[in-house]
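Visitor: Chain by chain, the residues:
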Amino acid sequence: MRTVIARQIRMELVLTARRGEAVVLAMGVPLLVLLGAGLTHATNLPTDDRLGFVVPGVLALTVMSTAFTGQAITTGYERSYGVLKRLGASPLTRPGLLLAKTAAVLVQIVFQVLFLGLVGVVVGWRPELSHLLPAAGVTVLAAAGYSGLALLLASVLKPETTTGAATLIYVLMLSVGGIMFAAPDLGTAGWFLLPLAAHAEALRDTLSGGGSIPLSIWLALGAWAVVWLTAAARKFRWE
Amino acid sequence: MEAIEVTGLRKTYQGREAVAGIDLVVARGEIFALLGPNGAGKTTTVEILEGHRRRNGGDVRVLGEDPGTAGRSWRSRIGIVLQDADDAADLTVTEMVRHVAGFYPEPRTADEVIELVGLTAKKTSKIRTLSGGQRRRVDVALGIVGRPELLFLDEPTTGFDPEARRQFWDLIRTLAGDGTTILLTTHYLDEAEALADRLAVLAGGQIVAEGTPATLGGRAAAGAKVSWQEGDRTRTEQLADPTELLRKLVADGADLRTLTVTRPTLEDTYLTLIGARK
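Chains as they are written, first to last, in the working numbering: chain U, 1 to 239; chain P, 240 to 517.
Among the hints, erroneous ones may be present.
[Said to hold, decoys possible] Residues from chain P that face chain U, not an exhaustive set, calculated with beta carbons under 10 Å:
hint: 1; residue: HIS291
hint: 2; residue: ASP329
hint: 3; residue: LEU495
[Said to hold, decoys possible] The following label-pair restraints were derived from C-beta to C-beta distances:
hint: 4; chain 1: U; residue 1: ALA6; chain 2: P; residue 2: ASP350; range: 17 to 25 Å
hint: 5; chain 1: P; residue 1: GLN253; chain 2: U; residue 2: THR40; range: 55 to 63 Å
hint: 6; chain 1: P; residue 1: ARG255; chain 2: U; residue 2: GLY164; range: 28 to 36 Å
hint: 7; chain 1: U; residue 1: THR230; chain 2: P; residue 2: PRO276; range: 39 to 47 Å
hint: 8; chain 1: U; residue 1: GLY164; chain 2: P; residue 2: GLN253; range: 22 to 30 Å
hint: 9; chain 1: P; residue 1: SER370; chain 2: U; residue 2: THR3; range: 32 to 40 Å
hint: 10; chain 1: P; residue 1: PRO276; chain 2: U; residue 2: GLU21; range: 29 to 37 Å
hint: 11; chain 1: U; residue 1: SER130; chain 2: P; residue 2: THR348; range: 47 to 55 Å
hint: 12; chain 1: U; residue 1: THR230; chain 2: P; residue 2: THR251; range: 24 to 32 Å
FYI, nobody ran anything at the bench for these hints, they're computed from the structure. Glycine included, each C-beta is placed from N, C-alpha and C at the ideal position.
Take these sequences, add in the hints, and give me the full structure.
Guide: So this is what it looks like as structure tokens:
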């Protein structure tokens, strides 16, 4: 089983590389937000350390853009094109495919986060690298949850509807997720409703603040990962 | 042990019985064809046997296991060619075949399989640039790359030109010759007649006839129609056994230049069987 999944991850990455232009374009919005909100006073932020607020938010935004929006749209079309149906006829299992797709997205995220992080450093962001590990941990959880929700949407909706829904959720999260502006203060419940805000806050706490991540954020992102991946594994359809 | 054993298989969609109690046995090494009009329950039956659809009732054994619960090692012993998987993947034929080959413990090589399905000239082409018939051959290649003991073919030659169909038939005979059991659904009666050791006709979710291509639906007992010229008159006789008549005609020195002996074709038998259901 391990070799089957490893092969599928490699194939997902080959396919991602084949649409490399889309992957680069997907970083356009985060890059614009980083430079726009990070270097100018275009938006009101709850802090004077604009880069310390904006860069971690942009990293969280990229994770959502790739693991959720990109994943949902690509998988939706793969399903309608019959690519998944073909894989379903092979010994690749459903959890195997979901795992491979999530892992491939994680690899992609590593490159994007490295690139945007470097841009941040170039323009003056000074991250606390000693807090990289917990930051990476919440990022894996966030990506897993997004990927699960994306795969679920892609398998129950038509591809056009998936594209619309994924884009809408992306824009909604971007507006209220505490990336360019402060997120609405919903207390702990907010972390469960707005994973983007929770993830961004966790990255700020660690990378910009050098502190630890509140337990409620770990729980919120962990719950997202478990709930959506389980739902996807149960509901996912090949065709 | 038989390759497939089914008793009392039932499947209901929203209260409508798509499969209404099917019994079926396919022996190892056999080519078995399922015939029937659209909506007869062929694809549903095959999908249940492949483990892709749950059944509402009945007992099913495929290669000795229940496809509803069988694991990955069972899955790697069967091969599936789905009905119209219209794949627009950004992969070449070789990449796709090699990728799927990696899922099986003892696969054929990609080159070997591509040669077998006659796509060698297209092996570096992207799948989405292929014609419908060529994509169908990719499906077949993916179905046989894992050296399956049992191969499911759901309307495999739809979209093939006549020459490609003949090549495909040869391929199926080669696979069967190597001991692969084959379950085929098809709309083409000549295909069933050319390939199948045994066949069953499905209508309204039930098997209405089962037999060899020669005996299906009482075809062997249906007799023959003999017609010949006598002076300027055409004589026709319908007989259970035309042997005596033919012997007599030859002995009498009758004019046999226009002699015809016709028996019901598989298509006649099939249409009678389907017609009787309606």
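Visitor: Taking each numbered hint in turn, which are not upheld by the structure, reported in ascending numerical order?
Guide: Of the numbered hints, 3, 10 do not hold.
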